[in-house]
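Participant: Line by line, the protein sequences are chains W and V. Just so we're aligned: 202 in the working numbering is position 202 of the first sequence, and the numbers increase by one with no gaps anywhere. To convert, count from 1 in the second sequence and add 1000; that's the working numbering.
Worth flagging that the hints you see were computed from the coordinates, not collected in a lab. Some hints here could point you the wrong way.
Only pairs whose alpha carbons sit at most 25 Å apart, straight line, appear in this in silico SDA-like list of lysine to any residue [what the hints assert, rightly or not]:
| # | chain 1 | residue 1 | chain 2 | residue 2 |
| --- | --- | --- | --- | --- |
| 1 | V | Lys1076 | W | Ala112 |
| 2 | V | Lys1076 | W | Asn193 |
| 3 | V | Lys1141 | W | Met201 |
| 4 | V | Lys1141 | W | Gln197 |
| 5 | V | Lys1117 | W | Leu189 |
| 6 | V | Lys1141 | W | Pro175 |
| 7 | V | Lys1019 | V | Glu1005 |
| 8 | V | Lys1019 | V | Arg1003 |
| 9 | W | Lys270 | V | Glu1092 |
| 10 | V | Lys1006 | V | Ser1037 |
| 11 | W | Lys270 | V | Asp1144 |
| 12 | V | Lys1141 | W | Val271 |
| 13 | V | Lys1006 | V | Ser1070 |
| 14 | W | Lys164 | W | Asp46 |
| 15 | W | Lys270 | V | Arg1093 |
| 16 | V | Lys1006 | V | Glu1053 |
| 17 | W | Lys270 | V | Asp1140 |
| 18 | V | Lys1012 | W | Tyr118 |
| 19 | W | Lys164 | V | Val1225 |
| 20 | V | Lys1065 | V | Ser1042 |
| 21 | V | Lys1012 | W | Val176 |
| 22 | W | Lys164 | W | Pro202 |
| 23 | V | Lys1117 | W | Gln199 |
| 24 | V | Lys1141 | W | Ile267 |
| 25 | V | Lys1065 | W | Ser187 |
| 26 | V | Lys1076 | V | Glu1005 |
| 27 | V | Lys1019 | V | Asp1144 |
| 28 | V | Lys1065 | W | Glu179 |
| 29 | V | Lys1117 | W | Lys164 |
| 30 | V | Lys1006 | V | Gly1057 |
| 31 | W | Lys164 | W | Arg217 |
| 32 | V | Lys1006 | V | Ile1025 |
| 33 | V | Lys1076 | W | Trp188 |
| 34 | V | Lys1076 | W | Gln197 |
One letter stands for each residue in the lines below.
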Amino acid sequence: MTVTSDAAPNKSRRWQRPPMIKRPLLRWCLWLGAGIYLAVAFGTLDVNWTRVLDGIPRGEKFVSGFFPPDFVTNIDEIISGLNESLWMTVTSTVVGIALSIPIGLGAARNLAPAPVYYFCRSVLAISRSFQEVIIAIFMVKLFGFGPFAGFITLVIATIGFYGKLLAEDIEDMDPVQAEAVKATGSSWLQWVNYAVQPQVMPRMIGLGLYRLDINFRESAVLGIVGAGGIGVVLNNAFDQYDYQTAASVLLVIIGIVMLVEYSSGYIRQKVQ
Amino acid sequence: MLRLEKLSKQYKTGDLALKDIDLEIPDGQVMALIGPSGAGKSTLIRCVNRLVEPTSGEVSLNDLKLTTLSQGRLRKARRRMGMIFQEYALVERLTVMENVLSGRLGYTGFWRSYFRKFPQSDVDEAFRLLERVGLDHMADKRADELSGGQRQRVGICRALIQDPELLLVDEPTASLDPKTSRQIMRLICELCDERGLSAIINIHDVALAQLFAQRIVGLQLGSIVYDGPPDGLSADVLTRIYGEEDWEATIQKGDDDGSEDTGDIEDQDDRGPHLDRDHMAGMS
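I would like the entire structure built from these sequences, with the hints used as guidance.
Facilitator: What follows is the structure in structure tokens.
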């Protein structure tokens, strides 16, 4: 061990946190470039203030059209639409997660050999590259109007979401625990079951509930392009200027999302 | 008997971790492997059960060549080598019992292990081992609820339930306080003695190595620089292994230790993980 007992330096040394970008010229150029870009971008944003002012009373009228929400007139349609949405949400989440488990395992760098890894990663990339509505339009063309198109859309979206996060969670696991189980002479499947699964399970349960929540909200949007669910009811109501029914549908959606939100918080606390 | 012949390991980064190691460990011998960090101790024991693939050379356990085995055969061979880890390496979200029984995975079919339906004889043996280390009442606790010393005892049970012929022990005391360290080392050595196991124990703590091992091998930059009895460790030898330092205080003859033995395993005052790993700072 070295002992530092030199005489204290009589001149105090200055210290500053080293900057993230070392070269000052590059640093200032980046700042300047970002500033110019923002100025130009805001310059092209043409805001017509008179139209904004006109819009405010129109918005008030629009919102007041929502009141009172009318649950009664179209109750049958709301219930059947809601049923369809819930059915679509639950089945697509379960099937999507089931399919994303093998793909997620294959897309984890520390589990899969390179060819499998690249194959699974590209499956995930493709299923994530399109927004749900775009996939839904495509699926409606393939399978016709109705909830089946919505189901397939949500399955694809769930695989992209869940598979990617599962793969990333596996890549972050503690390698020593995994090594220890491997050293007992376990088979690959046993190793996944004993070393990998316990480490990723709590987060995966939480993400599964989160995905359920997302899928329900998406199912409301998918109705607008004809892929079934409560969105169809919502869309019809707007088309017929029946804002009171639309308001009741929105309230139902908000209520269910809140229910899922609170219960998933509770369940996640339990499994931690 | 474990035999290493001209064993070398070169990592992808180009670091030569082991250079032509020749080593024989007869049945029943407890050998301590000492050396500075980065000397290749961990690599050496991981090359034996091929958690790390050796670059060249041969490892054989009782005339079974481990280095050329296919993956399936390697799994079978790994059952005969129990491993104990530095940070215990228990699967933290599994129960103590599941961790112990995971030592039987190599003997159990997938579905039986998946539903946790291990043969009754395995469960009996697991309870017997947990009782031996004083933790049978903890069987259904989750592994992350235990203290450091308790976790390491579970780790020992997991290795022993494999019914191994050889123990590979990687820094078993590095995260433990001095007293628990001794208890763990004593336990490992007693169990090796009871079952006639041979063991390679990587250890930073020279005094502990001298106290418990029958033979000491010193590794430096991937080569063996000392191989002999514990009392052969002179200041000269330690300098050869670790480099220049004042070694006089480190060298002990072991007689001031055996007497102050409180070491019963049931000792309960070691709750809460002790992370006093620097108590031997200056040695690493």
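Participant: All hints, please: hold or fail.
Facilitator: Hints, verified against the model:
With a C-alpha separation of about 22 Å, the suggested pair lysine 1076 of chain V and alanine 112 of chain W falls inside the 25 Å cut-off, and the hint holds. Restraint check: the Cα-Cα separation between lysine 1076 of chain V and asparagine 193 of chain W comes to about 19 Å, which is no more than 25 Å; the hinted pair holds. Distance hint between lysine 1141 of chain V and methionine 201 of chain W is fulfilled; the C-alpha atoms sit about 18 Å from each other, no more than 25 Å. Among the hinted pairs, lysine 1141 of chain V with glutamine 197 of chain W is consistent with the structure: their alpha-carbon atoms are about 18 Å apart, no more than 25 Å.
Taken as a hint, the lysine 1117 of chain V and leucine 189 of chain W pair is honoured in the structure, with Cα atoms around 16 Å apart against an allowance of 25 Å. For a cut-off of 25 Å, the pair hint linking lysine 1141 of chain V to proline 175 of chain W stands: about 23 Å separates their Cα positions. As the CA atoms of lysine 1019 of chain V and glutamate 1005 of chain V are separated by approximately 11 Å, the hinted pair is consistent with the 25 Å bound. Taken as a hint, the lysine 1019 of chain V and arginine 1003 of chain V pair is honoured in the structure, with Cα atoms around 15 Å apart against an allowance of 25 Å.
Note on lysine 270 of chain W and glutamate 1092 of chain V: the hinted pairing holds, with a Cα-Cα distance of about 16 Å set against a maximum of 25 Å. Between the alpha carbons of lysine 1006 of chain V and serine 1037 of chain V the distance comes to roughly 22 Å, so the proposed pair stays at or under 25 Å and holds. As the CA atoms of lysine 270 of chain W and aspartate 1144 of chain V are separated by approximately 16 Å, the hinted pair is consistent with the 25 Å bound. Only pairs whose Cα atoms come within 25 Å are accepted, and lysine 1141 of chain V paired with valine 271 of chain W is accepted, the gap being roughly 15 Å.
Taken as a hint, the lysine 1006 of chain V and serine 1070 of chain V pair is honoured in the structure, with Cα atoms around 21 Å apart against an allowance of 25 Å. Pair hint lysine 164 of chain W plus aspartate 46 of chain W does not hold up; C-alpha atoms about 40 Å apart against a cutoff of 25 Å. For a cut-off of 25 Å, the pair hint linking lysine 270 of chain W to arginine 1093 of chain V stands: about 13 Å separates their Cα positions. The suggested pairing of lysine 1006 of chain V with glutamate 1053 of chain V holds, with an alpha-carbon distance near 14 Å, which does not exceed 25 Å.
Restraint check for lysine 270 of chain W and aspartate 1140 of chain V: satisfied, since their Cα atoms lie roughly 17 Å apart, inside the 25 Å limit. Between the alpha carbons of lysine 1012 of chain V and tyrosine 118 of chain W the distance comes to roughly 22 Å, so the proposed pair stays at or under 25 Å and holds. With a C-alpha separation of about 49 Å, the suggested pairing of lysine 164 of chain W with valine 1225 of chain V is violated against the 25 Å cut-off. The hinted pair formed by lysine 1065 of chain V and serine 1042 of chain V meets the criterion: a straight-line CA distance of about 20 Å does not exceed 25 Å.
Under the criterion of a C-alpha separation no larger than 25 Å, the hint pairing lysine 1012 of chain V with valine 176 of chain W is consistent with the structure, at around 20 Å. Straight-line distance between C-alpha atoms of lysine 164 of chain W and proline 202 of chain W comes to about 16 Å, which keeps the hinted pair within the 25 Å bound. At roughly 21 Å between alpha-carbon atoms, lysine 1117 of chain V and glutamine 199 of chain W fall within 25 Å of each other, so this suggested pair holds. A threshold of 25 Å between alpha carbons decides the hint, and for lysine 1141 of chain V with isoleucine 267 of chain W the separation of about 21 Å falls inside it, so the pair holds.
Proximity of lysine 1065 of chain V to serine 187 of chain W is assessed by CA-CA distance (about 20 Å); at most 25 Å being required, the pair is judged to hold. Taking the CA atoms of lysine 1076 of chain V and glutamate 1005 of chain V, the gap is near 22 Å; set against the 25 Å cutoff, the hint holds. Proximity of lysine 1019 of chain V to aspartate 1144 of chain V is assessed by CA-CA distance (about 38 Å); at most 25 Å being required, the pair is judged violated. Proximity of lysine 1065 of chain V to glutamate 179 of chain W is assessed by CA-CA distance (about 22 Å); at most 25 Å being required, the pair is judged to hold.
At roughly 32 Å between alpha-carbon atoms, lysine 1117 of chain V and lysine 164 of chain W are farther apart than 25 Å, so this suggested pair is violated. With a CA separation close to 5 Å, the supplied pair lysine 1006 of chain V and glycine 1057 of chain V stays within the 25 Å bound. Pair hint lysine 164 of chain W plus arginine 217 of chain W holds up; C-alpha atoms about 20 Å apart against a cutoff of 25 Å. A threshold of 25 Å between alpha carbons decides the hint, and for lysine 1006 of chain V with isoleucine 1025 of chain V the separation of about 15 Å falls inside it, so the pair holds.
Restraint check for lysine 1076 of chain V and tryptophan 188 of chain W: the C-alpha separation of about 13 Å stays at or below 25 Å, so the hint holds. Among the hinted pairs, lysine 1076 of chain V with glutamine 197 of chain W is consistent with the structure: their alpha-carbon atoms are about 23 Å apart, no more than 25 Å.
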